[in-house]
Amino acid sequence: MTPYLLAAPLIAFMIAFYVLPVVAMLMRSVSDPSWTLQHYAALPDDVVFLKTFANTFYTSLIVTLASLLLGYPVALALVRAPRWALVILVLIMLPFWTSVLVRSYAWMVLLGRHGLFNEALIAAGMIDRPLRILNTPLATQIAMSHILLPYMILPIANALRQIDPSLLRAASGLGSPPWRTFLQVTLPLSMPGVAAGVLLVFVLALGFYITPAMVGGPREITISMLIAQRVDQLDWAYAATLSAVLLATALAIIGAFYRLPGVGNAFRMNAR
Amino acid sequence: MSKHHSIRFGRRATLGLLGAGLAAPFIRPAAAQAAWPEQTTIPDILKGSGEVRIAGFGGTMNEAQIKAYYEPFEKISGIKVRAFPGSDPTKIKAMVETGNVEWDLAQLSRGSIMNLQKRGDYFEKIDYDIIDSGVDPAYRFEYGLEMLVWAQVLAYRKDLVKGEPKGWADFWDTKKFPGERAMYGTTSGGFPEMEFALMAAGVPPDKVYPIDIDKALASYEKIKKDVIKWWDTGAVPIQLLTDREVAMTTVWNGRMAALQAAGVPAEISWSQGLSKRDAWGIPKGAKNKANAMKFVAYSTMAIPQARIAFAIPYGSVNNASNEYIPPDRLAVLPSAPDIKKQLINYNYDWWIDNREAAVSRFNKWLLS
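Order-wise, the sequence lines are chains A and B.
Position 74 of the first sequence, counted from 1, bears residue number 74 in my numbering, the numbering being contiguous throughout.
So the mapping is simple: my numbering equals the position in the second sequence, first residue as 1, plus 272.
Be aware that one or more of the hints could be misleading.
In silico PhoX-like pairs for lysine-lysine, Cα to Cα no more than 25 Å straight-line [stated by the list, open to error]: (1) B:K497 <-> B:K352; (2) A:K51 <-> B:K559; (3) B:K559 <-> B:K397; (4) B:K636 <-> A:K51; (5) B:K496 <-> B:K434; (6) A:K51 <-> B:K494; (7) B:K434 <-> B:K319; (8) B:K397 <-> B:K561; (9) B:K430 <-> B:K612; (10) B:K497 <-> B:K636; (11) B:K494 <-> B:K430; (12) A:K51 <-> B:K397; (13) B:K496 <-> B:K430; (14) A:K51 <-> B:K496; (15) B:K561 <-> B:K363.
Computed beta-carbon distance windows for the label pairs [unchecked claim]: (16) B:K447 <-> A:R129: 11 to 21 Å; (17) B:E493 <-> A:L131: 20 to 30 Å; (18) A:L131 <-> B:K447: 18 to 28 Å; (19) B:K613 <-> A:W97: 46 to 56 Å; (20) B:K613 <-> A:W35: 47 to 57 Å; (21) B:K430 <-> A:V23: 49 to 59 Å; (22) B:K496 <-> A:R129: 20 to 30 Å; (23) B:R354 <-> A:V90: 21 to 31 Å; (24) A:L89 <-> B:A441: 54 to 64 Å; (25) A:R83 <-> B:A355: 20 to 30 Å; (26) A:A77 <-> B:G392: 36 to 46 Å.
In short, the hints are calculated from the structure, not lab data.
For every residue, glycine included, the Cβ atom is placed at its ideal position computed from N, Cα and C.
With the rest of the complex left out, here is chain A:
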């Protein structure tokens, strides 16, 4: 009983200031102007919605893959090189504590036509004319991967830390070379962390707004931008419909992932 009592203030707060307003907003998708499902019925024929949704999904997928490939080795280093752990952790967390707006601006400075990256390549004689990276989908993918990396690294590191070191010793004692120990012991046992990281990054990426707007290409409209656009046009019923679809998508993905073995555990700190 006590745990529930302890959580009661937070639960009451969330219901009053989060759940109720969200439900009230989402209700507009079926109650505005009168009870109807027409807003949902119109979606399959809405080209702008379909393209925007596909684009958002595609970007999230690329960003998830990129942060997995970049993040896994970092997580491994974090756990396996205790001497550097603090440095690595600070390097991961510092950007994490900086606002998305500031980080997106930093990427504009780096990736711009006359930004550091292009100037360095030109100075090194590798290119003659600056590459167009800023204001393209690639810039969005780079900046979003950077912003979301901590969400990938931390759950994976947590899973890696929970692997019993004696298993690794046993593997090498039985003559397994390190790469094989990694593939057959470490990697499978870290999968719950990978799944948790993938889930977090993908779902967060679905809702991105500022970064694509700032560094993205001319035709990059995300589902959040479309929602903002409709809110601004005072078409709140349509905005609510889009929000409901986005929320349902995120919940479906979360639901599917939680059914994978061990994923629920990966979110727990110090589970051992």
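Chain A is already provided as a structure; the job is to place chain B on it using the hints.
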């Protein structure tokens, strides 16, 4: 779900965030050059007590307004002004619908006021009996009063563009004026610049309205591959010019002064620009409605209107204001006679009636 959902760029709400540092230097020189005119008396009907809560856009605009008419109004009327950033028609919709009206007055546009008013009763009527006779009839409407004249114009970098582009045919001509472009888009509630697309296709300025959407999109098609960014907040084109990402873009004129003051070799070409206005609107049920009305009347008098132009390069809605503005300052204002005649008047009525169709057609075209 994540904080990225909730952060939106307001139309000019990010001005303070993105432009304040850049903009600060240009307020002082203008103020130093000539003494600001003072409004020394006002009709008794504009005096009162209590307070008025005014929502503006924050940042540089707010600083200009404090000096131009918030502080003088407090002194002369006895009514205290409380300024809030983040004016937004969607917030007014929510405030009025929930009966929790936190602002007595908001800086909006005729378009956003009338778009909201079309859907219900969200604004109080303006009491024109107390409005100064110098306010041009063109700026008056039932549910609001226009109070700031600005322009959406062509701007270019002098070091990237050879010669002087004039008008939209030049903007479209990437052979004569090579280089990337940026234009106002629809990402978070903007309006496509279909007027410019039409003039680029040879439609004379006085024949732009009613807008032929098909013709505008066909014209846009010719520039599409050169537009690297469809901006939706005024800081973006300024940033793109500063970073040499584009050679030419459309801008809100007020932003350019800050850019030029920062030493960027960029220039406005006023020809065929759009003259737009901001307007005061009083949300329905505002607690200090009477004070708000008094403030609307005061801030559109000739001298307060002239004072705003001292602080920020925006023009006046009062025909008598220009005589209080020194000629060198007047020369950069969209309401200056020489500039005004090069601009076309943005037709809010057309956009109020056709916004949804135009924006959804534009979106579809952009994504195709």
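Does the alpha-carbon distance linking K636 of chain B and K51 of chain A stay inside the 25 Å limit?
-> 9 Å, holds
Is it true that the C-beta distance of L131 of chain A to K447 of chain B lies inside 18 to 28 Å, as the hint says?
-> 24 Å, holds
Okay, E493 of chain B versus L131 of chain A on CB: inside 20 to 30 Å?
-> Holds: the Cβ-Cβ distance is about 26 Å, inside 20 to 30 Å.
Straight-line alpha-carbon gap K434 of chain B to K319 of chain B, limit 25 Å | 55 Å, violated
Outcome for the supplied range 36 to 46 Å, where the beta carbon pair is A77 of chain A and G392 of chain B = Since A77 of chain A and G392 of chain B have Cβ atoms about 59 Å apart, the given range 36 to 46 Å is violated.
Given pair status - K494 of chain B, K51 of chain A, alpha carbons within 25 Å | Cα-Cα ~22 Å, so holds.
Would the pair K496 of chain B and K430 of chain B pass a check requiring their Cα atoms to be no farther apart than 25 Å?
-> 23 Å, holds
Holds or violated: K397 of chain B with K561 of chain B, Cα cutoff 25 Å?
-> Given pair K397 of chain B, K561 of chain B holds - Cα atoms ~10 Å apart, limit 25 Å.
Are K497 of chain B and K352 of chain B close enough, with their CA atoms no more than 25 Å apart?
-> 52 Å, violated
Assess, step by step, whether the Cα of K51 of chain A is no farther than 25 Å from the Cα of K496 of chain B, and give holds or violated.
-> The given pair, whose Cα atoms are some 18 Å apart, holds under the 25 Å limit.
Satisfaction of the hinted span 20 to 30 Å by the C-beta atoms belonging to R83 of chain A and A355 of chain B | Violated - the Cβ-Cβ distance for R83 of chain A and A355 of chain B, about 54 Å, lies outside 20 to 30 Å.
Satisfaction of hint between K430 of chain B and K494 of chain B, Cα-Cα up to 25 Å | 24 Å, holds
Of the hints listed earlier, those the structure fails to meet are numbers 1, 2, 7, 12, 23, 25 and 26, in rising order.
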